[in-house]
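Can you make the complete structure from the sequences, with help from the hints?
Number of protein chains: 2
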Amino acid sequence: MQDFQFRVIHRNRNTKARTGLLTTPHGTVETPAFMPVGTLGTVKGLSQQNLEELDASIILANTYHLYLRPGPDLIREMGGLHRFISWDRPILTDSGGYQVFSLSALRKVSEEGVEFRSHLDGSLHFLSPERAMEIQDALGSDIQMALDECTEFPAGLAEAEKSMERTLRWAERSKRAWQRASHSDGKSPAGALFGIVQGGTHARLRRQCASRLVEMDLPGYAIGGLSVGEARPQTLDMVAASEECLPEDKPRYVMGVGLPEELAHYVASGVDMMDCVLPTRNGRNGCLFTSQGKLHIRQARYARDSRPADEACGCPVCRRYSRAYLRHLFVTGEMLGRILNSYHNVYFYLDTMQRIRHSIASGDFSPFLFDFNSRLQGDAP
Amino acid sequence: MQDFQFRVIHRNRNTKARTGLLTTPHGTVETPAFMPVGTLGTVKGLSQQNLEELDASIILANTYHLYLRPGPDLIREMGGLHRFISWDRPILTDSGGYQVFSLSALRKVSEEGVEFRSHLDGSLHFLSPERAMEIQDALGSDIQMALDECTEFPAGLAEAEKSMERTLRWAERSKRAWQRASHSDGKSPAGALFGIVQGGTHARLRRQCASRLVEMDLPGYAIGGLSVGEARPQTLDMVAASEECLPEDKPRYVMGVGLPEELAHYVASGVDMMDCVLPTRNGRNGCLFTSQGKLHIRQARYARDSRPADEACGCPVCRRYSRAYLRHLFVTGEMLGRILNSYHNVYFYLDTMQRIRHSIASGDFSPFLFDFNSRLQGDAP
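Heads up: the protein sequence lines correspond to chains A and B, in order.
Okay, so the first sequence: first residue is 1 according to our numbering, each after it adds one.
Okay, so the second sequence: first residue is 1 according to our numbering, each after it adds one.
Rather than coming from a laboratory, the hints here were simulated on the basis of the structure.
Any given hint could be a false lead.
[To be verified] Which stretches of chain A does chain B cover? Using the computed rule of at least three CB atoms under 8 Å from a CB of chain B, they are:
no. : segment
1   : 33-46
2   : 72-80
3   : 84-95
Nothing here was measured: the structure is a model prediction, and the numbers come from that model.
The beta-carbon is built from N, C-alpha and C at its ideal position, and this holds for glycine as well.
So this is what it looks like as structure tokens:
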């Protein structure tokens, strides 16, 4: 695990925001970082060359999806996920648990693991903490997640606690499986294992879960089970409760968030890593994130609008194409519309993260946070 | 029309193949040229930057589609098609006739023009030779086509002759409308008008139509109504018959062709320009054109194939991605599969044209033709 390191570089005085350098076997990531989601080994609508142009330093891939298609054996045979998809920068994979709980049919959860049916063909599968590590080892991802039980929302205290206890037991098993894989595989270091803080919307459980995970001394910690229906202030409360008990010198990753206007708030709570499908999914649905708020490109008022999607944006899409053209592409269902919208949105997220990092480094994070927040909420004028 | 010129540069000794330079208001095109089809102002799956990287020197757009969405008035307001889609190289537009005859519902053809219902919403429209020129003038394309009557296939001699006579009368009307537009519009020269040779599969009619179009002294001539169901040898016969009567010093464009292995044959018959949806349509359907024939990426035998789609290809797709990954993208329905396949196929077409041009210039066209032909037919081994 010498290949995995995290170092805090700057700290913001008024908040928990910080910048850092996360070193992985496939390169270094400047944090706080946003990870575009490449579910099936492709960030939807973008090529790997696009992602390099966009300076994406790390992407996420979904173990559940890759496990079903094309399968971990094929990916291992093809030399691992990096080689298979031709991406030589860092990759984080989730454990597959979230999708098993949200996508698959007929789940049967036991202490051993989860039996589930594929959402594609109904075939029967079994995912355990050990199996999740084994699959991620086949993928060869740089950062790997422990299988957790995704607590349903809303969950009462007793229910959430029971689920959290299982997540902790599964984290122990994940760690043992991960250590075995690290030792048995001489040729390359296994990815760094992150445990996941659960506990529903109960601050006490979040703190307890975080503290007990920290006792396992893992390379990093994720905060999961958020953005599942709870109000945003509650999300931030849960992040804050978890963060209280996480060590300064380890990276913290909030899974599956968030909207652009939320990014800086998570960072202010001490978060180092985030991921979200929103930039690409909204792009495909014609929603562009801009410095003035959301822009719904389908609207008739853009039909003759020769301005770029975001006049303050320096991305190749905004430098070249008008709202009128983007609208035309979208309403005619042309692929290029989805491509350009996704490109712009990913640029917007990554650019936002860079601004956040710069503002922390230069000591201007607090005014940045205030200004950014007031501009981004709501729709573009 | 000083902005439009055509100059033959090299001639092949054994065939009618030739290279040339076609100068338009938006730049010069080396011929023989293949024009990727950008139906709605976008070559499906590729960005304008991609097309520039691919060195596409001219693209085609469909008047019928752009007339319906976003409409010629909007495009004129946005500064013309080049500006609207952000493409400053040459554009050729068809007259809209072909799509009216092939796509729209409830056509009523009269001497005056064609009444038709939109394939999108059933709304009623009318296209005449004058209207087709007016619309293309609004688009501001560099090369514009006269409205022709697309003779149905198969058509007997009498039917084909009647249809051809109408096409000739419409060409006369197109020319008058085009001249009026050229004179009335002081600010920029109207695009160059091409007449279209019809005549079904009757060589005598093809010769007659070509000769009478040539009397109109148009900037260029297209050969239409081919690749509509007839056998390929017949297509080439009709091209040859038309070509016999077309002047040496004007560009010749065969509309809507063809397969890669056919390109050099058209060139051998004296063709300077071609267009076809095949590279992008087949790309979307998972069919890759390669130097060894067609490759159907869906096939299970490519699941673990780490070779590029075409080992002899230098395109960015073949340099970076394996068949295994392309297959994975295709079978999972990921947009990137359609994008990469389309990119490779357009590269393959444009690269083929460049090889054809070089072989003509260097005097090696005949061996090229033989070799190319024998390799390309059928499926990749």
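Of all the hints numbered above, which does this structure not satisfy? Sort the numbers upward. Those not satisfied: there are none.
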